[in-house]
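K.L.:
All chains should be built: construct the whole structure from the sequences, respecting the hints.
Protein chains: 2
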Amino acid sequence: MSQSKIILGAFVPGVLTGAAWRLPEAPKDSFRSFEHYRYIAEKLEAGRFHSLFFNDGVKVDLDPGLEKGPNSVRWDPLVLAPALATVTRHIGLIATASTTYNEPYNVARKYASLDHLSNGRAGWNLVTSLGGGENFNRSEHTLHGDRHERAEEFYDVVSGLWDSWDDDAFVQDKASGTWLDSDKLHLLEHQGKYFQVKGPLNVARPIQGHPVIAQAGSSEAGIRLGARVGELIFTAQQTVEESRDFYENIKGQAVAFGRSRDHLKVLPGISPVVGSTQAEAEAKYQRLQELLDPQSFLSRISKFASLDYDLAELPFDDVVPLPPENFSTDSHPSRQKLVYDLIRRERPTVRQLFDKLTAGGHRVLIGTPESIADDLQHWFEAGAADGFNVMFSGLHAGIDDFVDGVVPELQRRGLFQREYVGATLRENLGLPYRHNRHR
Amino acid sequence: MSQSKIILGAFVPGVLTGAAWRLPEAPKDSFRSFEHYRYIAEKLEAGRFHSLFFNDGVKVDLDPGLEKGPNSVRWDPLVLAPALATVTRHIGLIATASTTYNEPYNVARKYASLDHLSNGRAGWNLVTSLGGGENFNRSEHTLHGDRHERAEEFYDVVSGLWDSWDDDAFVQDKASGTWLDSDKLHLLEHQGKYFQVKGPLNVARPIQGHPVIAQAGSSEAGIRLGARVGELIFTAQQTVEESRDFYENIKGQAVAFGRSRDHLKVLPGISPVVGSTQAEAEAKYQRLQELLDPQSFLSRISKFASLDYDLAELPFDDVVPLPPENFSTDSHPSRQKLVYDLIRRERPTVRQLFDKLTAGGHRVLIGTPESIADDLQHWFEAGAADGFNVMFSGLHAGIDDFVDGVVPELQRRGLFQREYVGATLRENLGLPYRHNRHR
Ligand SMILES: Cc1cc2nc3c(=O)[nH]c(=O)nc-3n(C[C@H](O)[C@H](O)[C@H](O)COP(=O)(O)O)c2cc1C
Ligand SMILES: Cc1cc2nc3c(=O)[nH]c(=O)nc-3n(C[C@H](O)[C@H](O)[C@H](O)COP(=O)(O)O)c2cc1C
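Sequence lines, in order, name chains A and B. Quick note, the first sequence lines up with residues 1 to 439 if you use full-length UniProt numbering. Quick note, the second sequence lines up with residues 1 to 439 if you use full-length UniProt numbering.
Read the hints as simulated data drawn from the structure, not as lab findings. Among these hints, one or two may not hold up.
One copy or two, it doesn't matter: identical chains are merged, so the pair holds either way.
Said to hold, decoys possible - Below are the EDC-like pairs computed for lysine to aspartate or glutamate, each with C-alpha atoms no more than 20 Å apart in a straight line:
1. 184 <-> 63
2. 68 <-> 173
3. 198 <-> 67
4. 337 <-> 310
P.N.:
Okay, here's the thing in C-alpha cells:
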C-alpha cells in the first residue's frame with residue numbers, strides 16, 4: 001500500500017460484459033451508440049473514477065459461441081477516446097494498442113495527439129495482443145518470445161519519439177517570424193532489431209511528458225516489461241495472497257530496473273454485483289448467470305486455457321479433472337496458468353468454474369456496498385493492490401449501483417478521493433511528470 | 001457540371017497556412033488547441049460547408065525554413081476528427097491516412113468506427129504519402145509505381161473488410177440470446193501481392209456502407225486510382241481550361257471503370273483573400289505576403305519541384321529560367337509538373353512565381369465576395385469543377401470573411417445550399433449509399 005487512497009479504473013463496457021445485454025433494462029445497440037459511452041464516461045467522472053480503460057484486439061474471435069454474445073466487435077478505442085475527451089474534463093482515457101500489429105511512429109503520434117486533445121489525460125495500454133496475425137499478413141500470431149522482444153523495442157521507439165521536441169520548442173515568435181527553435185529538436189535515429197526510425201515525431205511533446213503507460217502482461221516476459229515501463233499494471237488475481245506476491249514481485253523487479261516502487265500502481269480487476277442486501281446482490285448475479293449460454297461459454301474457456309478436454313462436454317456437477325502438470329507451448333502461458341491454478345487450488349465442479357470465470361478471470365464480488373468496500377479495503381491495506389480496475393456487470397444499472405453505492409462508502413472511509421486532485425492523469429494517479437531525456 | 005449546386009470543402013488549418021500565424025490577431029498555439037479547431041468546425045458548419053478535410057503526413061519536413069513556419073507538426077487527423085464529430089452534426093470529416101505506412105485492417109477499423117461515431121460523416125483521403133520511409137524502417141520513400149500498386153490493393157482490402165457484416169447482422173435478440181446472425185458474416189480471405197487478410201473486421205458495417213473515399217493523386221497512376229475508387233477528387237489547378245481537361249479526363253476514366261460520372265466530384269483547391277473592396281483584399285494579401293520569409297519559401301519550392309537551381313539564389317525580379325524538357329525520375333512527378341507548367345506558361349519572375357505558389361499550387365483568389373463568387377460560378381458552370389476545397393488564408397479572420405461574405409453571395413445566386421440536404425456525408429454530396437457486395 002504505497003498510495004494513501006485507492007485508485008479506481010473502469011473497463012469501458014459495451015461489449016465483453018457477459019450476458020448483461022440480455023437484461024430487459026439494458027439499452028440496445030449500446031456498442032454502436034456514442035450516447036451510451038457518453039453516459040458511462042459522465043457517470044464515472046461524477047463518481048471520481050481515475051480512468052476509463054478501453055481494452056482491444058485486432059480480430060473477431062470466431063470461437064464457439066460467436067453468435068451468443070458480444071465479444072470482439074467494438075469501435076477502435078483510439079477513435080472513441082478522443083470523442084470522450086470532449087465530453088469529460090478529469091477522467092483518464094487509457095486506450096489499448098498493440099505493439100505486434102502497429103508501427104511505433106503511428107502509435108507515438110496518436111497518443112501524443114490524444115494527450116494534447118485531452119489536456120494530459122491519455123494513457124496507452126501496451127499489449128502484444130492475443131492473436132490477429134491472420135489479419136496482418138501472417139499465418140500465425142507471432143511467437144510469445146518474439147512478441148515481447150518487439151514490444152520492448154517498440155516502447156523504446158515510442159518513448160524516444162515523444163521526446164523529439166523540448167517542451168518550449170514551438171516559440172511562435174510573431175515579430176521575428178520564428179515558429180520553432182530548431183535547437184530544441186532531437187532526432188531519434190533509432191537503429192534496432194525490429195525498427196529503424198529517424199524522427200522527429202510530427203506532434204509537439206505530450207502534455208504529461210509521456211502519456212501514462214498501462215500494461216497487463218502476466219507471463220514472465222510480460223511482467224518484466226511491466227516492471228520496466230509500466231505505470232498502471234492491470235492484472236487478474238483470485239486471492240489476496242497471490243495478488244500480494246504478484247504486487248511484490250513486479251514492484252521488486254521495477255526497483256531492480258532503478259525505478260521507485262511508487263511509480264507503478266497495481267490494479268487487479270474486479271467484477272462487482274451490488275445489492276442493498278446480500279440476498280438482492282445474489283439474486284442479481286443469478287439473473288445474469290442464467291442469461292449466459294453455459295455450453296458456448298465453457299467451450300470458450302476450454303479453448304482460452306488450452307485445456308485438452310472440452311468443459312462443455314462434462315456434466316455440470318462433476319469435479320473438473322486435474323490438468324497436466326506442465327503447461328503446453330501455447331503462446332499465452334499466463335492465461336493457461338490462471339485456469340490451471342484455479343482448478344488445482346479449488347477443485348471446482350464445472351458449475352463452480354463457470355461461475356468463477358464469467359468475469360474473464362477477475363474476481364466476482366457479490367455483496368452490499370459495505371461488504372464490497374470491506375473487501376477492497378482489505379486488499380488495499382494488505383498490500384495486494386493500489387486500486388482496482390472495475391468490470392461492470394450490467395448496463396447501465398451495474399455502473400449506477402457501484403458509483404452510487406460503493407464509491408460513497410469508500411469515500412466515507414477516507415479510502416477514495418472526493419475530488420480530483422490534479423490536472424492530468426499522472427497527477428491524479430500520483431505518478432511523476434516525465435521529463436525529456438534530452439534535458 | 002453534374003451537380004446542381006457547388007460543393008464546398010475546407011482544408012482544416014492550424015498549420016500550413018503560410019504566415020497567417022504571424023498576424024497580430026491570429027490566436028497563438030492554435031495548432032495545439034482544441035478550442036481553435038472547434039471554432040473552425042462550428043463556423044464552417046454554420047456556413048453549410050460539406051466537409052472538413054484534414055491533410056496529413058508521416059514525417060516532419062526538415063527542409064530549409066523549418067523554423068520559419070508551421071509545416072508538418074500537427075495532431076493526427078484520426079484523433080482530431082472523432083473529437084470534432086462530437087461538437088458538430090452535419091459537416092463531413094475527411095481524414096487523411098497513408099496506404100504506404102499503415103496496415104489495411106487498422107485503417108478499415110478506424111474509419112468504420114469514425115463513421116459510426118459521427119453518424120455517417122466519415123471520409124478517407126487515401127494518399128500514398130509524400131515521404132516518410134525513414135520513420136518506417138525504410139531508407140527511402142517507396143518508389144512511385146510500388147506505392148500505387150500497394151495503394152490499389154490496400155483499398156480493395158479495406159473496402160472488402162467494410163463488407164464483413166451485413167447491415168442487419170447484429171440482431172441482439174434478448175429473448176433467444178442471439179447476439180449476431182453468423183450467416184451475415186463474410187470472411188474476406190484476401191490473398192494478394194502485398195496483403196493477406198482473413199477478416200472479418202471487428203466493427204459493424206459503416207453507416208454509409210463505406211465512408212466516402214477522397215483522393216488527390218495527380219500522376220498518371222494517381223489519377224487512375226482516383227478514377228477507379230475516388231468519390232471526392234482534390235486537385236490543384238491553375239486555369240479553367242486545364243481544370244476542365246482534368247475533370248473530363250478523370251470522369252472519362254471513371255466511366256471506363258464502369259462508374260457513373262456523377263459518382264466522383266472534382267474539387268480544385270482555392271485560397272481566397274476576401275475584402276469588402278478589391279483594394280482591401282489586395283491590402284490583406286500584401287500584408288500576408290510580407291510576413292512570409294521569401295528565401296526559405298523559395299528554397300522549399302525549389303526542393304518541392306526538384307528544380308536543378310535554387311530560386312532563393314536568383315534576384316527577385318529576374319524571370320525564372322526554363323526548366324528542362326523532361327521530368328526527372330523524382331518520385332512525385334505531379335508536383336514537378338505543376339511548377340514546370342506554370343513556369344513555361346507564364347514565364348514569371350521569381351516574385352510572381354512566389355506569389356503564385358504561396359498556396360501550395362492552389363489558385364489564390366483576391367477579391368470581393370462578388371468577384372470571388374463570379375470566379376467560382378465561372379469554373380463551376382464551365383465544367384471545370386463540382387466544387388472547391390478552400391484553403392483559408394488567415395486565422396480566424398480568413399474563415400469568417402469567407403463564410404460571412406462569399407457563402408451568402410453564392411446562396412443568393414442559388415449556387416450553394418442553405419441547409420444540409422441529407423443525414424450523411426454521402427447524401428450531402430449526392431453520392432449513393434454503398435451496398436454490401438455480398439448482398
Ligand atoms: C486486465 C487485463 C486486461 C487486458 N487487456 C488486453 C487487451 O485489451 N488487449 C489485449 O490484446 N490483451 C489484453 N490483455 C492481455 C495482456 O495485455 C497481454 O498482452 C497478454 O496477456 C499476453 O502477454 P503475457 O503473455 O505476458 O500474458 C489483458 C490482460 C489483463 C490481465
Ligand atoms: C489538394 C491536395 C491535397 C493533398 N493532400 C495530401 C495529404 O494530406 N497527404 C499526402 O500525403 N498527400 C497529399 N496530397 C498528395 C496526393 O494525395 C498524392 O499522394 C501525391 O500527389 C502522390 O501521388 P501522385 O504521384 O499521384 O501525385 C495532396 C494532393 C493534393 C492535390
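K.L.:
All the hints need checking, so say for each whether the structure fits it.
P.N.:
These are the hints, each one checked on the structure:
{"no.": "1", "hint": "184 <-> 63", "verdict": "between (51 Å within a copy, 16 Å between copies)"}
{"no.": "2", "hint": "68 <-> 173", "verdict": "between (60 Å within a copy, 10 Å between copies)"}
{"no.": "3", "hint": "198 <-> 67", "verdict": "between (45 Å within a copy, 19 Å between copies)"}
{"no.": "4", "hint": "337 <-> 310", "verdict": "within (17 Å within a copy, 66 Å between copies)"}
Going through the hint list in order, the structure satisfies each hint without exception.
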